[in-house]
Amino acid sequence: MANIEKIPRLRKENRKKRTNRQLLILLLLFFLVLLLVLFFQSSISRVQDISVTGAQLVSPGEVIKQSHLHFDMQYLLVNKEKVATSIVSAIPAIESVEVRKTFPGKIELVVKERPRVAFLMNNRGELYPVTNKGVVLRQYPSSDEMVDKPIIRLWKTEQLLPEFAEQLDKLDPGIRRQISEIRHEPTKNNPDRLILFMKDGFEVHTVIQDFADNMAWYPSFVQSLKREGKTEGIINLSEVKWFEPYKQQQTNGNKQP
Amino acid sequence: MKDIRKKINLRTFFIGGLFTLSFFALIFRTFWIQYIDSPELLVKAKDTWERSSALNPKRGEIVDRNGQVLAYQGKAYTVIARLKPYPNDKKNTNYVSNPEETASKLAPILDMPKEKILQRLMRKDVDQVEIRPGGWKVPKETADKVKELNLPGIGLYEESRRYYPYGTFASHVIGYTNLDGEAKMGLERQMDEQLRGEKGSLKFRKDRLGNQLPGGVESYKPAKDGNKVVLTLNHQIQSYVEDALNQADAKYKMKSVSVVVADPNTGQILAMGSRPSFNPNAPKDIQNFTNPVVSAEFEPGSTFKIVTLAAAIEEKEFNANEYYKSGTYKIKGSPPVRDHNRGIGWGWITFKEGVKRSSNVAFVILGYDRLKKDRLFSYLQKFGFGGKTGIELPHEARGSFDPNRKYYPRDIASITFGQGVTVTAIQQVAAVGAIANGGKLMKPYIVKEIRDPKTNEVIQEFKPQMVRRVVSEDTAKQVRDLLDAVVNEKHGTGQPFALPGYHVAGKTGTAQVARNGHYVRGKYINSFIGFAPKDKPRLLVYVMVEEPQIDTPSAGGKIIAAPIFKSVMERSLQYLKLSPDETDGHTTEIMGDESTVMPDLIGKNVSQAKQILGQAGLRAEILGNGKTIVRQYPSAKAELTKGSAVYILTVKDGTQMPNLTGKTLREVMELASLLDIQVTGINGEGYVITQSIQPGAKVKKGDKLAVTLAPKSTTGAAQPEGEKAKKHKEESGEQNIKTAN
Numbered sequence: 001m002a003n004i005e006k007i008p009r010l011r012k013e014n015r016k017k018r019t020n021r022q023l024l025i026l027l028l029l030f031f032l033v034l035l036l037v038l039f040f041q042s043s044i045s046r047v048q049d050i051s052v053t054g055a056q057l058v059s060p061g062e063v064i065k066q067s068h069l070h071f072d073m074q075y076l077l078v079n080k081e082k083v084a085t086s087i088v089s090a091i092p093a094i095e096s097v098e099v100r101k102t103f104p105g106k107i108e109l110v111v112k113e114r115p116r117v118a119f120l121m122n123n124r125g126e127l128y129p130v131t132n133k134g135v136v137l138r139q140y141p142s143s144d145e146m147v148d149k150p151i152i153r154l155w156k157t158e159q160l161l162p163e164f165a166e167q168l169d170k171l172d173p174g175i176r177r178q179i180s181e182i183r184h185e186p187t188k189n190n191p192d193r194l195i196l197f198m199k200d201g202f203e204v205h206t207v208i209q210d211f212a213d214n215m216a217w218y219p220s221f222v223q224s225l226k227r228e229g230k231t232e233g234i235i236n237l238s239e240v241k242w243f244e245p246y247k248q249q250q251t252n253g254n255k256q257p
Numbered sequence: 258m259k260d261i262r263k264k265i266n267l268r269t270f271f272i273g274g275l276f277t278l279s280f281f282a283l284i285f286r287t288f289w290i291q292y293i294d295s296p297e298l299l300v301k302a303k304d305t306w307e308r309s310s311a312l313n314p315k316r317g318e319i320v321d322r323n324g325q326v327l328a329y330q331g332k333a334y335t336v337i338a339r340l341k342p343y344p345n346d347k348k349n350t351n352y353v354s355n356p357e358e359t360a361s362k363l364a365p366i367l368d369m370p371k372e373k374i375l376q377r378l379m380r381k382d383v384d385q386v387e388i389r390p391g392g393w394k395v396p397k398e399t400a401d402k403v404k405e406l407n408l409p410g411i412g413l414y415e416e417s418r419r420y421y422p423y424g425t426f427a428s429h430v431i432g433y434t435n436l437d438g439e440a441k442m443g444l445e446r447q448m449d450e451q452l453r454g455e456k457g458s459l460k461f462r463k464d465r466l467g468n469q470l471p472g473g474v475e476s477y478k479p480a481k482d483g484n485k486v487v488l489t490l491n492h493q494i495q496s497y498v499e500d501a502l503n504q505a506d507a508k509y510k511m512k513s514v515s516v517v518v519a520d521p522n523t524g525q526i527l528a529m530g531s532r533p534s535f536n537p538n539a540p541k542d543i544q545n546f547t548n549p550v551v552s553a554e555f556e557p558g559s560t561f562k563i564v565t566l567a568a569a570i571e572e573k574e575f576n577a578n579e580y581y582k583s584g585t586y587k588i589k590g591s592p593p594v595r596d597h598n599r600g601i602g603w604g605w606i607t608f609k610e611g612v613k614r615s616s617n618v619a620f621v622i623l624g625y626d627r628l629k630k631d632r633l634f635s636y637l638q639k640f641g642f643g644g645k646t647g648i649e650l651p652h653e654a655r656g657s658f659d660p661n662r663k664y665y666p667r668d669i670a671s672i673t674f675g676q677g678v679t680v681t682a683i684q685q686v687a688a689v690g691a692i693a694n695g696g697k698l699m700k701p702y703i704v705k706e707i708r709d710p711k712t713n714e715v716i717q718e719f720k721p722q723m724v725r726r727v728v729s730e731d732t733a734k735q736v737r738d739l740l741d742a743v744v745n746e747k748h749g750t751g752q753p754f755a756l757p758g759y760h761v762a763g764k765t766g767t768a769q770v771a772r773n774g775h776y777v778r779g780k781y782i783n784s785f786i787g788f789a790p791k792d793k794p795r796l797l798v799y800v801m802v803e804e805p806q807i808d809t810p811s812a813g814g815k816i817i818a819a820p821i822f823k824s825v826m827e828r829s830l831q832y833l834k835l836s837p838d839e840t841d842g843h844t845t846e847i848m849g850d851e852s853t854v855m856p857d858l859i860g861k862n863v864s865q866a867k868q869i870l871g872q873a874g875l876r877a878e879i880l881g882n883g884k885t886i887v888r889q890y891p892s893a894k895a896e897l898t899k900g901s902a903v904y905i906l907t908v909k910d911g912t913q914m915p916n917l918t919g920k921t922l923r924e925v926m927e928l929a930s931l932l933d934i935q936v937t938g939i940n941g942e943g944y945v946i947t948q949s950i951q952p953g954a955k956v957k958k959g960d961k962l963a964v965t966l967a968p969k970s971t972t973g974a975a976q977p978e979g980e981k982a983k984k985h986k987e988e989s990g991e992q993n994i995k996t997a998n
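Protein chains in written order, with the working numbering: chain G, 1 to 257; chain X, 258 to 998.
A portion of the hints provided could be inaccurate.
No more than 30 Å apart at the CA atoms, straight line, and that leaves these computed lysine-lysine pairs for DSSO-like [to be verified]:
| # | chain 1 | residue 1 | chain 2 | residue 2 |
| --- | --- | --- | --- | --- |
| 1 | G | Lys230 | X | Lys510 |
| 2 | G | Lys188 | X | Lys508 |
| 3 | X | Lys867 | G | Lys199 |
| 4 | X | Lys541 | G | Lys226 |
| 5 | X | Lys894 | G | Lys199 |
| 6 | X | Lys508 | X | Lys397 |
| 7 | X | Lys884 | X | Lys815 |
| 8 | X | Lys793 | X | Lys573 |
| 9 | X | Lys867 | G | Lys188 |
| 10 | X | Lys884 | G | Lys199 |
| 11 | X | Lys397 | G | Lys133 |
| 12 | X | Lys630 | X | Lys663 |
| 13 | G | Lys226 | G | Lys133 |
| 14 | X | Lys734 | X | Lys867 |
| 15 | G | Lys112 | X | Lys894 |
Quick caveat, the hints were computed from the structure, so don't treat them as lab data.
Only chain X is shown next, with the shape it has when bound in the complex (with noise of 0.2 Å):
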């Protein structure tokens, strides 16, 4: 009996134990898992997940000079629908039941008619279809859309795109990647290979079913985003110029309008535009895929003359105050060289004369006649013509000078003066800012730095680069001040581009179309470039119009190209003026030393009081003729900025008034609060003119004080009396701004 007992209290107390005993273990383990390992365990588990998504890469950024982003990879939807219900879940209702209705909803949200959403609606072959295109990568304003109308059947899948924030934004030098992911034109297809990134790759064991096995994975190599492509192009320039290229575009018509911004002392380009364009978001009837400023190739005209004055004057040809006679030059078996005013010209006059009339008979005399046709290639072969400047973009022309081409002599005479042969624009600008940086060639580029994505780490960084030096800075300086006075003095060709406050130079370029051999009547290139400001220049303009349809097609350069030319030139140079990069070197430094306490003074001596503030960097107002400092403003602690001014009051009553006259109105309320006087009447606005207390009458508390202010920048003269009472109603009007209760 007992051992029977016995033998069952030991075997529960056994069987009792393990089990509580397996249940701690399993609450330890559990209590384990979820503490002590569980950061560890995260990470692992984000891992596989980031894994999965990594193998994409992620295209590079493109951004400008100042790391503005003009194309980066943003999320994008894909519109899907599910069209037949689920075989093994008859419940589940989700799929798109009435076609018709779906696709009258969709159509207005999505940009696509709706018998072609219908139609993808009513496939039967399918379970499930994208709703191309218009649903196809929508950005995520679009999706939101789609989403709110809840339809059935409608999903959305999430995918990456190409963004373009700005649009129609220096299109053709950017280019576009299409919604496939190829890179189309411009930079993102030159500089694609930096861009693209490394796909990432991932093998792992699978089981007989095609499921991956856990710790399976056999070989993992993440994906490489692809680099940031840093441009020298300044997004504010560049707007200026896309602001110039709409006007122009809007008010007339004309084949194409093209401008480039360069900085001729380094080769770097700030903004190149084109009309027509297009939107790289959503390219659509493109008219011309290659940049007109690289690849066109067209006759230069009269902007071509600088390059033979330049080498004229290195050739000591030239002498500016030689006469010679202007109208016609006649060249044996050939039509004669005519001058542009039907060859009537203006008599014997100085080649400066010549210059600044743009005549072409000058030209030839010193090109032609002069030079000679060795002597003459050799410059215009030094200056880059007939060859690519390498400008990192695709499809450079290379114009169709070519020195070992057999030319006959009307045919040299014309190159003098720019006929007879093709260069592109990207040619000339090089070209003319060798004369505006003083001789020196200088590669024209684009790519300023290519980034670490990640660490944003310059892994490659492209600097300004000399070809060769073409002339000597002091022809460079005699070439820049006869283009001044083209553009400055009376009989100049290019008085219409002058800018009052700017020393402008330049040259304008008017040549004939010509089309199979033949020049065409009424079909002109107008052409401007000019650089600024004269002795130093700091930015080259360019600016050609192709085929303006107007009354005076000649006449192209003054009415269509000048506008251009001086809005972007006056607004860039404003821009570069003060422009906070220029000061960024030593704008740290100052900020340091900038700010200052407000130290306490109540109960201190005068004396004290001012040693202490000069210490602190702080003016000091003192009001009353006390000892002793009564109140202070402001109050002890506060953070100012050192030259500030502070006022200290000495008495407690009967204080002579201050001057008030130049101080602001939040000075005149922070003085009145210290010495307990009302303001009451304030009239205009800025700084103070008038006050109703004279200074150095005594004032007591409760005294009310009336001021007259005005801004500086119309400098004293009273606002006249109608437009003083306007401002008064409009600051009635700001009376209904919310009130809170």
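Next comes chain G alone, as it looks inside the complex (with noise of 0.2 Å):
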């Protein structure tokens, strides 16, 4: 019987507890919203700055440009892969870009350009470089940069540029450092023909296809034909490896298959 007089007097002072700690809930919640607001009517939840490294071929503001990116935008909406996706997509000189937020306001793009293969000249003499995918980067002439890659003269199926471009990147340096000219002359049972000058003075008549592996030959096959005292001339690495000296050329003129 005692126990049901009990009961009641327990809850009163539950209830008072409970009012207490509903006010400090609603205090609590009304401060942080108050701070909610403020933060983002500051300055400090707005980028800052924008920096671009590590382009050398594009320059930052069209960087800038194509991220989207604009000063007092909400930092915290800024997202990482959507900015570099946009940037990519739109600039095909650039392979990756990493964003980096550091908090607050400031915005860093760390750009990767895609490593170039080859120059493209045209018939008036301006270089082009010609990315590791085969496009020509055409807004980007090159007039003062050092000429350190092979030159594409001619080149008849720009199809066929992406394939090569490739192969082009699979080759080893050392032996890429020693093409002179490309070109591509396609006769009608080998669409992928390459003709090639050397700096050591031999032409090489090769393919498209597997080219890496072909010209991985060059080097070793030179070597040999110099031990055996050969003189230059044209060399054959397709399916079918073979030498010609340049003098036999020339008195039986078109023996070749």
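Take the two lone chains, each set in its own frame, and fit them into one complex as the hints suggest.
Set out below in structure tokens:
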């Protein structure tokens, strides 16, 4: 019986405690919202500084423009991946972008440019870099740059350039340095035909398919020719590999199949 | 009161604790399985999956000597159709509801008449059918097309089948394995035991309903994949043979044409092909199920004279400068032997002349009159006629020669020049190979190695085998010289087979076709067997044309066989000339110390720089006459090939122009950027022949340089103007290349 009397008393105490706690929570919530509003209104929450590093060919302005970032935009709303993909998809010269965010308000775009494997020369003698994906970067004519890549003088079939660029990228840099000019001269039976002029005086006839593998033979091929005391000439490096000195070519002209 | 409360509390605590504890245990166990045990469990699981698929062995590959795959086992798909609705799942509409439409859509893809497909789709007695034969084991491309149609009730079932990536390519040699997996012809059949592998087996316990019990595996034997067979064939040379055969086949009509390419020094067959042929991927209308090179017996004609000649020389019965009367040779009681110009002959000529003109009379005198039957026959036997060569190809024939048979004198006389006796092509390849290699009869073979499919280790290797020495080196050399005269001297019958630049030796053969003991008019077998280079033969090529249907069938050798022989021989020799597998031995070694790194030279003085470059194996081109280096190309740490030229600049301005003649465009450009001058005019391609700023002239920043280049392959000869203009036009065509923006 005494039990029943005791229970209501207990409840009263509970209610008092609960109202106190509710008040506290409400107050906290209020201040929190206030703080949030203040934060988003202030300049701390906004992009204050955008910097670009690692761009050589592409100008920082271009990168920022394509990133769709601008000053005073909400810092927290900047999506790293979105920024990176929008830059990479808009500028073919760029392979990847790393977006680094530092609070408050600092964004750094670390650009990695695509390796450029060759230059394409047009008939006015202007040079354009070619990326390892076979894209010709026409908006960046290289006038003052050091010409440190093979020069493509003639390219007939545009669709074959990506495949070739990929092969060229795979090629050992030491051999790549030996190549002076590249000419794509397809014939009816051989749409892949390439003629290369090498720095050491040899003319190489090869094909786009397995170009890197075939060219890998070049140094040892030349080495063994020199050991045999052969002079300069034409080296065929396709599935078939043979050598013909220049003189012979002159005397019995078109003997080759 | 208090006691009761205490009790309740205690119980609550106890039960709550128990629940909590068991929850923790559960979480802990889950965690354990997911993270700690998982790798082990995954391995176990994979084991079970693999076991079920490893029971059927994979048939071994057939590859050429360089590892080029000629036959392999790959994925294939069978098109299946669900014909009726599912009885316990009425809502599932994945069955053929409209056979008419389904059939008409499938017909073009599966290359099967629509009616035939429809007939299958309309079957009432079964729930599901395979659409055979058009949809049986089709390649992935076809399967993808079927998938794209997205027809209800049409599905694909993955299987495996044999693929021959080159199609009609040494088809009679490789043979084929049909869709049922039965080896049907050629090496597929001969080497079936090696290729097939062994089936695995899996025994397990089952419950009453036939379900496998967990952990109930009783015995398990994994399948053993078939071995890889490496052939002596060379894919490249074989493709030359196929090319030549295709051209001949397209141009002329004949019963058959075959080509064999062998290495006479080892007996290895490098290529073998014939027409008519078939595509082993879809073997249809195969006209001849045996390989004519090893199974067809025919009269060899004059190519056989090589053997008679070798025997006569070895037995010292031949004197090249001795005279004899050509035309006819009389044998008692039978018609005389006549020379091929209707028995007129060429009067009194030397034996050498007789060999060159392929005079039958000369060989009858040598073989029948001087060697006589016993000696002649013993040589024929030594050369391997009348017996199998033992090559690993099925259905090898022996030919009709049998020394124990009774031959009439006239028959023996005929045999000396290759008539009245039949041989196989492979016998002749082996016999003439013995002449080419200096007198050793080598066993022809086509399987080089058997390798393990997984580790690629050699299980069995086949080495060149000498059967016996048949003639001395000296005799072989004399025969080769005479055969050289046949091809390369005036009056030689083999002149159409000569190759400029190579020393070909060989012999033509023209035999009439015999049927029922009579020669058939106008039907000939033309052949040529030759090797090159004459004194160190690397290749032996045999061409046989059977019953050509041309205006002068007896000239089939000249018209059909010669172009085949020449194209195969020339292209193969060129291929072997500097084939990489020869230089293979020392390539890696050279490659090792071939590359070097560009040192940093800026700020160093010239003599120091020269020394550093010398050590690195680089050539220095010094520009200007200053003392210290101000610029260099390429920049430090660039990888270079030894012996390449690098540029170092010693003064900032006013350098002398170097001589550019013989340099490449890239070098010119590199130099130009080093000297800060502009290259404005570039004509031609290749190597510099003229330059606008003369060598020695001082250049300053911003000067303009023009160069003219020409390839060395036309050695300095300037291109004709017209062609140049054309080239420029072509170059402007390149401008439509995709512009990136």
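- Which of the stated hints cannot be reconciled with the structure, identified by number in ascending sequence? Result: hints 1, 4, 6, 7, 9, 13 and 14 break, sorted rising.
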